Amino acid sequence: MKKKLVCIECPKGCVLSVEIEDGKVVSVTGHQCPKGEKYAFNEIENPLRILTSSVLAEGMALKMVPVRTDGPIPKEKLMDAMKEIKEIRVREALRPGDPVRKNFLGLNVNLIATRESLVRVYKK
Amino acid sequence: MAWGGSKNPFPITMQKTYDVLIIGAGVVGASIARELSRYRLNIVLVEKEEELAFGVSKSNSGIIHPGTQVSPRSLKGRLCVEGNRLIRRVSQELGVDFKEVGELIIAFRKEEIDRLNELKKDAELLGVPKLQIVDSSWLREHEPNLSHEAVAALYAPTAGILSPYRLVYDMAENARKNGVGIFTKQKVIKIISMGRKEARNKPLFEVTTSEKTFQARYVINAAGLFADEVSALVGVNDFTIRPRKGEEFILDKKREHLTNHLLFPLPSKTSKGILVIKTADGNPMIGPTAQDIEDKEDLSTSDDGLNKVLAGVRRMIPSIAADDIIAYFAGLRPVAGEDFIIRHEKDVLGFINVAGIQSPGLTAAPAIALLVCRILKENGLPLRKKFIFHKERKKTIHLFDIPLDKTRKLVQQDPSYGDIVCRCEMVSSKEIKDAIARGATTLDGIKFRTRAQAGRCHGGFCTSRILKILSSATNTPLTQVTKKGCGSEIVKEERGK
Amino acid sequence: MTERELVIVGGGPAGMAAAVSAYRSGVRDILLLERDQFLGGILNQCIHTGFGLDYFKEILTGPEYADRFIKEVENIKEIEVSLRSFVVGLTKDKELTVLKPGVLEQIRAGAIIMATGCREKTREMIHIAGSRPAGIFSAGLAQKLINIEGLLPGTEVVIVGSGDIGLIMARRFNLEGAKVKAVIEIQDKTRGLVRNIVQCVEDFDIPIYYRHKIVKIHGNERITKVSVVKVDDRFEAIEETRFDIDCDTLLVSVGLIPENELIEMAGVAMNKKTNTPVAEGLNRTSIPGIFVCGNAFKVYDLVDAVSKDSIEAGRMAAEYLGGAA
Numbered sequence: 001m002k003k004k005l006v007c008i009e010c011p012k013g014c015v016l017s018v019e020i021e022d023g024k025v026v027s028v029t030g031h032q033c034p035k036g037e038k039y040a041f042n043e044i045e046n047p048l049r050i051l052t053s054s055v056l057a058e059g060m061a062l063k064m065v066p067v068r069t070d071g072p073i074p075k076e077k078l079m080d081a082m083k084e085i086k087e088i089r090v091r092e093a094l095r096p097g098d099p100v101r102k103n104f105l106g107l108n109v110n111l112i113a114t115r116e117s118l119v120r121v122y123k124k
Numbered sequence: 001m002a003w004g005g006s007k008n009p010f011p012i013t014m015q016k017t018y019d020v021l022i023i024g025a026g027v028v029g030a031s032i033a034r035e036l037s038r039y040r041l042n043i044v045l046v047e048k049e050e051e052l053a054f055g056v057s058k059s060n061s062g063i064i065h066p067g068t069q070v071s072p073r074s075l076k077g078r079l080c081v082e083g084n085r086l087i088r089r090v091s092q093e094l095g096v097d098f099k100e101v102g103e104l105i106i107a108f109r110k111e112e113i114d115r116l117n118e119l120k121k122d123a124e125l126l127g128v129p130k131l132q133i134v135d136s137s138w139l140r141e142h143e144p145n146l147s148h149e150a151v152a153a154l155y156a157p158t159a160g161i162l163s164p165y166r167l168v169y170d171m172a173e174n175a176r177k178n179g180v181g182i183f184t185k186q187k188v189i190k191i192i193s194m195g196r197k198e199a200r201n202k203p204l205f206e207v208t209t210s211e212k213t214f215q216a217r218y219v220i221n222a223a224g225l226f227a228d229e230v231s232a233l234v235g236v237n238d239f240t241i242r243p244r245k246g247e248e249f250i251l252d253k254k255r256e257h258l259t260n261h262l263l264f265p266l267p268s269k270t271s272k273g274i275l276v277i278k279t280a281d282g283n284p285m286i287g288p289t290a291q292d293i294e295d296k297e298d299l300s301t302s303d304d305g306l307n308k309v310l311a312g313v314r315r316m317i318p319s320i321a322a323d324d325i326i327a328y329f330a331g332l333r334p335v336a337g338e339d340f341i342i343r344h345e346k347d348v349l350g351f352i353n354v355a356g357i358q359s360p361g362l363t364a365a366p367a368i369a370l371l372v373c374r375i376l377k378e379n380g381l382p383l384r385k386k387f388i389f390h391k392e393r394k395k396t397i398h399l400f401d402i403p404l405d406k407t408r409k410l411v412q413q414d415p416s417y418g419d420i421v422c423r424c425e426m427v428s429s430k431e432i433k434d435a436i437a438r439g440a441t442t443l444d445g446i447k448f449r450t451r452a453q454a455g456r457c458h459g460g461f462c463t464s465r466i467l468k469i470l471s472s473a474t475n476t477p478l479t480q481v482t483k484k485g486c487g488s489e490i491v492k493e494e495r496g497k
Numbered sequence: 001m002t003e004r005e006l007v008i009v010g011g012g013p014a015g016m017a018a019a020v021s022a023y024r025s026g027v028r029d030i031l032l033l034e035r036d037q038f039l040g041g042i043l044n045q046c047i048h049t050g051f052g053l054d055y056f057k058e059i060l061t062g063p064e065y066a067d068r069f070i071k072e073v074e075n076i077k078e079i080e081v082s083l084r085s086f087v088v089g090l091t092k093d094k095e096l097t098v099l100k101p102g103v104l105e106q107i108r109a110g111a112i113i114m115a116t117g118c119r120e121k122t123r124e125m126i127h128i129a130g131s132r133p134a135g136i137f138s139a140g141l142a143q144k145l146i147n148i149e150g151l152l153p154g155t156e157v158v159i160v161g162s163g164d165i166g167l168i169m170a171r172r173f174n175l176e177g178a179k180v181k182a183v184i185e186i187q188d189k190t191r192g193l194v195r196n197i198v199q200c201v202e203d204f205d206i207p208i209y210y211r212h213k214i215v216k217i218h219g220n221e222r223i224t225k226v227s228v229v230k231v232d233d234r235f236e237a238i239e240e241t242r243f244d245i246d247c248d249t250l251l252v253s254v255g256l257i258p259e260n261e262l263i264e265m266a267g268v269a270m271n272k273k274t275n276t277p278v279a280e281g282l283n284r285t286s287i288p289g290i291f292v293c294g295n296a297f298k299v300y301d302l303v304d305a306v307s308k309d310s311i312e313a314g315r316m317a318a319e320y321l322g323g324a325a
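Chains B, X and F, in that order, are what the protein sequence lines are. Heads up, the first sequence is in the working numbering, so the first residue is 1 and it goes up one at a time. Heads up, the second sequence is in the working numbering, so the first residue is 1 and it goes up one at a time. Heads up, the third sequence is in the working numbering, so the first residue is 1 and it goes up one at a time.
Fair warning: there could be bad hints in the mix.
To be verified - Examples of chain F residues toward chain B, derived with CB under 8 Å:
1) N44
2) P63
3) E64
4) D67
5) G117
6) E149
7) R195
8) V215
9) H218
Since the hints were made in silico from the structure, they are not lab data. Just so you know, these numbers come straight off a predicted model, no measurement behind them. Just so you know, even glycine gets a beta-carbon here, dropped at the ideal spot from N, CA and C.
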């Protein structure tokens, strides 16, 4: 069976032609980089997504700290991830890249902050 | 709830029996309240919406009519001319800007000039001053963007403009300062006329609202669109209020100098026509349409209305384009018949109907107030002047309206004048907090008082900050802050709550 | 009146890149004015990925991208950052009037770079008929409310306009637990990136109606539904196709307008259609020494292009100042 996909790895959005047999990818064409090929395999067999969201902070200059998973997670786990995210409270100064939850949901990715949670006040 | 904001210096305590209870806090109710507050009387003003001026007055065009285009034999004609004179002093006392811009009623054919002369004659019978018929060369000079097809116009210099809702808020504030009790979210559901019970032969009413029960000797029905329903509560059923919808379209402020006067076409039987209006805030406005409808809550605009208005104004100002339109809204005129109904009801002593106040209601409001005072006096209410009446009110500060040196001084005195919340209209957090202290409880209330959210971005940048300021100043959870009262909450949920 | 060499209006990605570039090109007195309490501009609320692939060769979220520039700006002491600072006036002689808490200041600049970004087109500008209830948001406002304030604007959402911001918000609402009932697009294809159709709309099974428009908004206090029709080749409504979608929220994502009212005030020649300065060459305006960069100059699809454009503007301003000195 042939299926057409649009790769979402980067803004280019290459249109991929994927040959599928018994639910498994046999061949991929149309990609302009190796990420596209990998994306096609995953998208058919185990769709993955990077999750970005925000978590509540307490006692910080920001009310919400934006976060992301530092690697993609299974698409079907997105809503479970959101449930977990809503429970989190950030109470310490974080820099972009600092982990908010290590091994998030046991999925071998970290949930990291993407913005400084304690923000500098500029003095003149 | 008692109106007056969180830092109300005149806490409202309910009186056992008020002398006068006024139903409806639009421009008419507020004018009556303020006028009555000169006298030694206990006055209460009740309003069914979350904030004052949220009914008919919200959609008012802000025009102070000179008294043209209204029958010289009508009550509304006389009150219009009287009101036009009075409003100047009232607005000055209250610190509301009134600008006398003048109006032109425009003729496009030679035959129409006769009609202009008729209108001029009628207006002069009412006492409208300084009228003149001007010709096309005058028009070319004084209204350069007016279509060259205009052949003549009736020029009435005494027409003017002001902000209708700022007038209501400032008038109500002044009334409150002079002792009037004001309660919002009070929908009147029952009125019992107790007849004459007291030895002094004064009437007595028990007025029940959705929240409280008031006792008052005299009741004034200024309930706008619902005046017929309120009147029916005391059994006076001889008029019906039919809503006549008017759609209006606001143009970008960049086109402020499109016209120099208010521009009118020749009037029809049912309306003054589609106008090119100057507003007190600078944005030109075009409209209104005139469409009789059934539903007193239908404030929707339509593509049809837009097309009608554009077609109408392009005859006068050909350069107006749909792209110039940055906002639009609809209002409902409370039509009872041809004229105002302002009368003491002889079958219900002490009950005064002030109904069917459509155009020129805003202009006539101060004169209506005087007339109502006379009616009250004629029906047994003594009007004894107070020794101290605070007739003046300090003008509200709008940064966008004052010169830079004044802004500099203000900012030095109070740093929060420099904390700009609404970028498009240059409104500081101080002005917003002041508006809340003066009674604003909703996003619309803040918009009408300060112009924050009324600019180019329509609240895109300032709404989240205004939400937070309102929530904090009124001790309301963010999810309960509303656009215009219960049911119009802005956001549904807050994370973590 | 204070004299400053270079004043940059706007501390988002454009202003920051321009500031750093001007410094690297030799300017030593730079004042960066930002009206918010933080640097970063609109990137602070763009918490999704898709930024930086071209410029940093990495896939970053908006705040991460902004952070790179914020750190550079903070490390250069010759760049003075003034937050909560709002420019209320600009003249052709490069005099700015700046308002901030406690201070009204007038500054004469040697050169000015305007990095004021865009505002969103609103419902009013596209003339959707009907009532004006609560529950109507521009996509950017909804984004700010959710991402910065932790507030969910609504639970049953219809989105008009399939631009990127609208699509991103479709996903965001879904992730927060709301139901997105439809995306309505008047053209026959999306205005945004196809990848966003995949990961924001298809991922969540949101129906997208191409060649449709909203003809009426219903609801008195809060929106209750919208009426939708198919359109013909002239974008006119085909009445027989009319149907309603119940909702409590309408998101409007129909385009951006560059914020250039200040340079217009100063008398810069403007292209009235795009609200951008008539370009005398990239980033230049009709007033020598006043430059415009980033989205205020041209609405870019990717912030990477904004950075490149703003670096050029910084360099140009430095060159102008060097020559003017």
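The hints, checked one at a time:
1. N44: 7 Å, holds
2. P63: 4 Å, holds
3. E64: 5 Å, holds
4. D67: 5 Å, holds
5. G117: For G117 of chain F, the interface hint is violated, since the closest Cβ of chain B sits about 19 Å away, which is over 8 Å.
6. E149: At about 6 Å, which falls below the 8 Å cut-off, the nearest Cβ of chain B leaves the hint on E149 of chain F intact, so it holds.
7. R195: 4 Å, holds
8. V215: 31 Å, violated
9. H218: 31 Å, violated
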